[in-house]
Amino acid sequence: MLAIRGLSRTVAAKTEQIAALKLCRRLSGFIAGANPGCSRPCDVDKFAVLFQNCADVRSLKKLHAHVLTLGLGREVALGSEILICYAGLGVLPKTRLCFQGFLNDDLAQWNSAMVDIFRAGYPEEAILLYRGLKLCQIGLDEKTVTFGLKSCTELRNLLLGKGMHADSLKLGLSRDKFVGSSLVGLYSKLARIDDSQKAFEEILDKDIVSYTAMITGYSENTDSTSWNAFEIASDMLRSNLEVNRVTLVSLLQVAGNLGAIREGKSVHCYSVRRGIGVSDEVLETSLVHMYTRCGAYQLASAVLKNSMQSVASWNAMLAGLARTGQSENAIHHFSVMLHEHKCSCLPN
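Here the numbering used here runs 65 ahead of the position in the sequence shown, where the first position is 1.
Keep in mind that a hint or two might mislead.
Claimed, not checked - Simulated restraints, written as ranges between beta carbons of each label pair: (1) R388 to R123: 53 to 63 Å; (2) S400 to D270: 51 to 61 Å; (3) A173 to L234: 50 to 60 Å; (4) T290 to G228: 49 to 59 Å; (5) A173 to S331: 42 to 52 Å; (6) E346 to R221: 52 to 62 Å; (7) S299 to G136: 57 to 67 Å; (8) D110 to K227: 34 to 44 Å; (9) D171 to T389: 57 to 67 Å; (10) L224 to E346: 30 to 40 Å.
Hint data in this document are derived by calculation from the structure and do not stem from the laboratory.
Treat the numbers as computed from the prediction; the structure is a model and nothing was measured.
No residue lacks a Cβ here, since even glycine has one placed at the ideal position from N, Cα and C.
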């Protein structure tokens, strides 16, 4: 992600580069005491381009100083760009004074910057913003805690995640469905399935995201508690919530992990009845994987025959056969993969 961000800085459009150069000249004139003749909305847009293309800390700090001199330091449109640029160069400020120089006391603006930084691929820097919010005593809301927890999940940092969980309890946010689902995801990723279950049970208004987060958590753990995934799915249906593709894929993974052929078949039948995952590579591959894990190779082969026959689904079939020592059967399927007319994919 850092490489992509760096590349994007170096390949800005020609017109944007020209505009940026003109703005730099006007800025130089302003610093020297000349009248810049700038229009505020235009400056904000052009400064955003400059920050997107800033490639070193020295240039960044100089540009940031220009922004502050022009009185644009608290512009909402620039706040996220400035912070993302600092994050990308690994120098996001850590002091209260520096944070207050970027953004005002509007929590929504801080949240927007935090979300942008997280989605740009900088979870560590998003956590620094979370800490900045606490440092500046601006407060936290469900969005802040949600993306703080998502950042901890990306970094697999249990200690920080527990601290944010404590924050959510103090603020009465732990029962919010977004915060709760993020807690479920955090604890599941770190194999703390008991804590994940507790977080799930506390959610007041569970939705498809909450249920799917818990089921996905079970799919990532292979102990006997994973059987609970099927009960969770039943509760979901009783709540009149429609199961989606992500939920089905996770349930199939649970069935495969447990060798639960009956439950796996039920999930398969549900997907067919609902028309979910038709010509869907991920779901078809999950079905093949589930049936091979359960030892039902004929059913796996039937799914494969009627599927898109992607490389991933063939790999699932071959891996399942190889895992149980069925080398001749695996070679046969590999030959079919290469020569059968319907299969247009090539092995990897």
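Here is how each hint holds up against the structure:
1. Taking 53 to 63 Å as the suggested C-beta distance range, the pair R388 and R123 conforms, at roughly 55 Å.
2. Here the CB-CB span from S400 to D270 is close to 53 Å, well matched to the stated 51 to 61 Å.
3. In this structure, A173 and L234 break the distance hint of 50 to 60 Å, their C-beta atoms being roughly 23 Å apart.
4. Judged by the Cβ atoms, the range 49 to 59 Å given for T290 and G228 is violated: they are separated by roughly 26 Å.
5. Remark: the range hint 42 to 52 Å for A173 to S331 is upheld by a beta-carbon distance near 44 Å.
6. A hinted range of 52 to 62 Å is violated for the C-beta pair E346 and R221, which are about 28 Å apart.
7. Judged by the Cβ atoms, the range 57 to 67 Å given for S299 and G136 holds: they are separated by roughly 59 Å.
8. Checked against the hint of 34 to 44 Å, the pair D110 and K227 passes, with Cβ atoms roughly 42 Å apart.
9. For D171 paired with T389, a C-beta distance near 60 Å keeps the hint of 57 to 67 Å intact.
10. The hinted range of 30 to 40 Å is satisfied by L224 and E346, whose Cβ atoms lie roughly 38 Å apart.
Taken one by one, the earlier hints fail for this structure at numbers 3, 4 and 6, listed in ascending order.
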